[in-house]
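Novice: Sequence:
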Amino acid sequence: MYVQGIINPFKGKIGVISNFENVKCLDDAVTLFDQMVRTKPLPSVVDFSKLFKTLLNMKHYSAVVSLFREMQTLGITINGFILSIVINSYCLMHRVDYAFSVLPIYLKNGIPFNVVTFNTLMRGIFAENKVKDAVELFKKLVREKICEPNEFTYATVMNGLSKTGHTDKTLSLLRLMEQGSTKPDIFIYSIVVDALCKDRKFDAAIDLLNEMKQKGVPPNIVTYSSLIDGLCKSGQWEKVKTFFSEMVNLNIYPDVRTFNIVIDGLYKEGKVEDAEEVMKHMAGKGVEPDIITYNTIMDGYCLCGQRDRARRVFDSMIDKNIEPDIISYNNILINGYCKEKKVDEAMQLFREISHKGSKPNTVTYNTILQGLFEVGRIGDANFFYAEMLSAGHILDLYTLCTLLDGYFKYRLVEEAMSLFNKLERKMEHTSIELYNVVINGLCKNGKLDKAHEIFEKLSLIGVLPNVRTYTIMINGFCLEGLLDEAKDMLRKMEDNGCLPDDVTYNVLVQGFLRSSKISETATFMTEMAGRGFSFNATTAELLVKAISEKPSVLDMIPELHSRIMK
DNA sequence: TTAGGGTTAG
1 MYVQGIINPF
11 KGKIGVISNF
21 ENVKCLDDAV
31 TLFDQMVRTK
41 PLPSVVDFSK
51 LFKTLLNMKH
61 YSAVVSLFRE
71 MQTLGITING
81 FILSIVINSY
91 CLMHRVDYAF
101 SVLPIYLKNG
111 IPFNVVTFNT
121 LMRGIFAENK
131 VKDAVELFKK
141 LVREKICEPN
151 EFTYATVMNG
161 LSKTGHTDKT
171 LSLLRLMEQG
181 STKPDIFIYS
191 IVVDALCKDR
201 KFDAAIDLLN
211 EMKQKGVPPN
221 IVTYSSLIDG
231 LCKSGQWEKV
241 KTFFSEMVNL
251 NIYPDVRTFN
261 IVIDGLYKEG
271 KVEDAEEVMK
281 HMAGKGVEPD
291 IITYNTIMDG
301 YCLCGQRDRA
311 RRVFDSMIDK
321 NIEPDIISYN
331 NILINGYCKE
341 KKVDEAMQLF
351 REISHKGSKP
361 NTVTYNTILQ
371 GLFEVGRIGD
381 ANFFYAEMLS
391 AGHILDLYTL
401 CTLLDGYFKY
411 RLVEEAMSLF
421 NKLERKMEHT
431 SIELYNVVIN
441 GLCKNGKLDK
451 AHEIFEKLSL
461 IGVLPNVRTY
471 TIMINGFCLE
481 GLLDEAKDML
491 RKMEDNGCLP
501 DDVTYNVLVQ
511 GFLRSSKISE
521 TATFMTEMAG
531 RGFSFNATTA
541 ELLVKAISEK
551 PSVLDMIPEL
561 HSRIMK
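Heads up: the first sequence at position 123 corresponds to 123 in the UniProt record's numbering, and the numbers run straight through without jumps.
Treat the hints as calculated values from the structure; they're not laboratory data. Note that the coordinates shown come from a computational prediction; the quantities given were computed from them, not determined experimentally. Hints are not guaranteed to be accurate.
20 Å max Cα-Cα, derived SDA-like pairs, lysine to any residue [stated by the list, open to error]:
no.: 1; residue 1: Lys450; residue 2: Asp488
no.: 2; residue 1: Lys239; residue 2: Val278
no.: 3; residue 1: Lys339; residue 2: Thr362
no.: 4; residue 1: Lys457; residue 2: Glu485
no.: 5; residue 1: Lys139; residue 2: Ala127
no.: 6; residue 1: Lys24; residue 2: Ala63
no.: 7; residue 1: Lys426; residue 2: Asp396
no.: 8; residue 1: Lys444; residue 2: Leu434
no.: 9; residue 1: Lys422; residue 2: Met388
no.: 10; residue 1: Lys59; residue 2: Lys356
no.: 11; residue 1: Lys517; residue 2: Arg491
All chains, full assembly: derive it from the sequences and hints.
Specialist: Structure (structure tokens):
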């Protein structure tokens, strides 16, 4: 029994007290809804919005929509709270078009739009990667004074921008806010710190952290976790320790998320023992592992080639009554099968998952798609992609990159370009990562001119090349023996404030070595050493080859000499 | 006394 009628002695009428905490699943919610609509007098609109919020939290977005329609059919009063929950549901279903179609309902019912309406819509637009549309809406709100943007508005826009690679714009908005009346709060600062870390601008992130302290907006657990994540991913373990201690000294205690971040970082670097040490520390501090901890551990073991151990962890999870989720399946079982090139087993498991109560998600599809391409089963990959589309699955950037990369890898340039052109026309997925795949694919298939053309177009369409884009172009030029162009590109990237990384230098060195330009190779190697970058396997192989063909190479490259001595 | 913002998986 979820609804209890009680007499409210002050108002003298029957009110409904609903215990929404008892609503555990979709059935409970629908039962409660049915009871509510039959109660006389009707429960308040507040009760209905609480129920809708509960459904939203349980991710039953389409249920929100259908119950909302039923309310309308029954002529039950609605309000702005309910409408924004409906808009949010559509947005979370990646149907921002339907979300917009809710706007006329405001007008019909005389409910004014407010800043929440637009914040929710903007988040939905960003979720579909329509950066330009979102920014346009933001500007329109400000320009036409439709509503006053608040901290939430800025947070939404800045998060959307940073997640699509526009860290610089995020930073300018921060500075703009500091001048204006809506001052940046802890959410805003945390978004910028995270953006800077994802952009590998750690010094800037640390500067901002200090700036926060000075401005009286002290960093919290999220800010520190973001920074620690960035530092883990870039292998700066000393700094990880520093900030870990710093936060504890400030009485900000690492939570399960912080620990998961560190454990994940350690496994990704193959530091299994350190990861286990951190887990012990975590247990000692009384922080309970969650499902993500287990998934991280399993993923970590798989990465270190200890797949059997991961399956143990899998079993122990079940023993501890922690239900494996779709990520557990994705990370260890499906991904494991795919890595072992046992795609049929992966497919079979994929079919079984839904019977076990989990639902394959986009990552599941992407993993299998990638697995199929990996073993060259292009026809099956296409078939699987079609299945994904017809099942109404959301394609993410990874899906598209996997498809394009797969096509290019098997020299299916026309298929790749036709898919890319279709995507570009829709202009929904303008992300540098997607362009990187296309530019790389074209370069590797001997279509440097076309690749260059797309590269040049990037700035016109507002997509910023990143270090990988430049490296891909440099590699493209090197493959064609156009070493001057490769060097020009290196200069260009530095002029544009994009610093070359170890991959860039390895690519350059390989290009010059292949053309036997030893003295220039030596120059780049010295630069590499100065920046603390090391050779990768391919570079080392080429070097060995060059030396065996011509031993004097060794003397021409002093840098190499000292390294070999070491 | 009901709506909208930040950190971890491929």
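Novice: Taking the hints in turn, state whether each one holds.
Specialist: Going through the hints against the structure:
| no. | hint | in the structure |
| --- | --- | --- |
| 1 | Lys450 - Asp488 | holds (18 Å) |
| 2 | Lys239 - Val278 | holds (16 Å) |
| 3 | Lys339 - Thr362 | holds (18 Å) |
| 4 | Lys457 - Glu485 | holds (17 Å) |
| 5 | Lys139 - Ala127 | holds (18 Å) |
| 6 | Lys24 - Ala63 | holds (14 Å) |
| 7 | Lys426 - Asp396 | holds (14 Å) |
| 8 | Lys444 - Leu434 | holds (16 Å) |
| 9 | Lys422 - Met388 | holds (18 Å) |
| 10 | Lys59 - Lys356 | holds (19 Å) |
| 11 | Lys517 - Arg491 | holds (19 Å) |
Checked against the numbered hints above, the structure breaks none of them.
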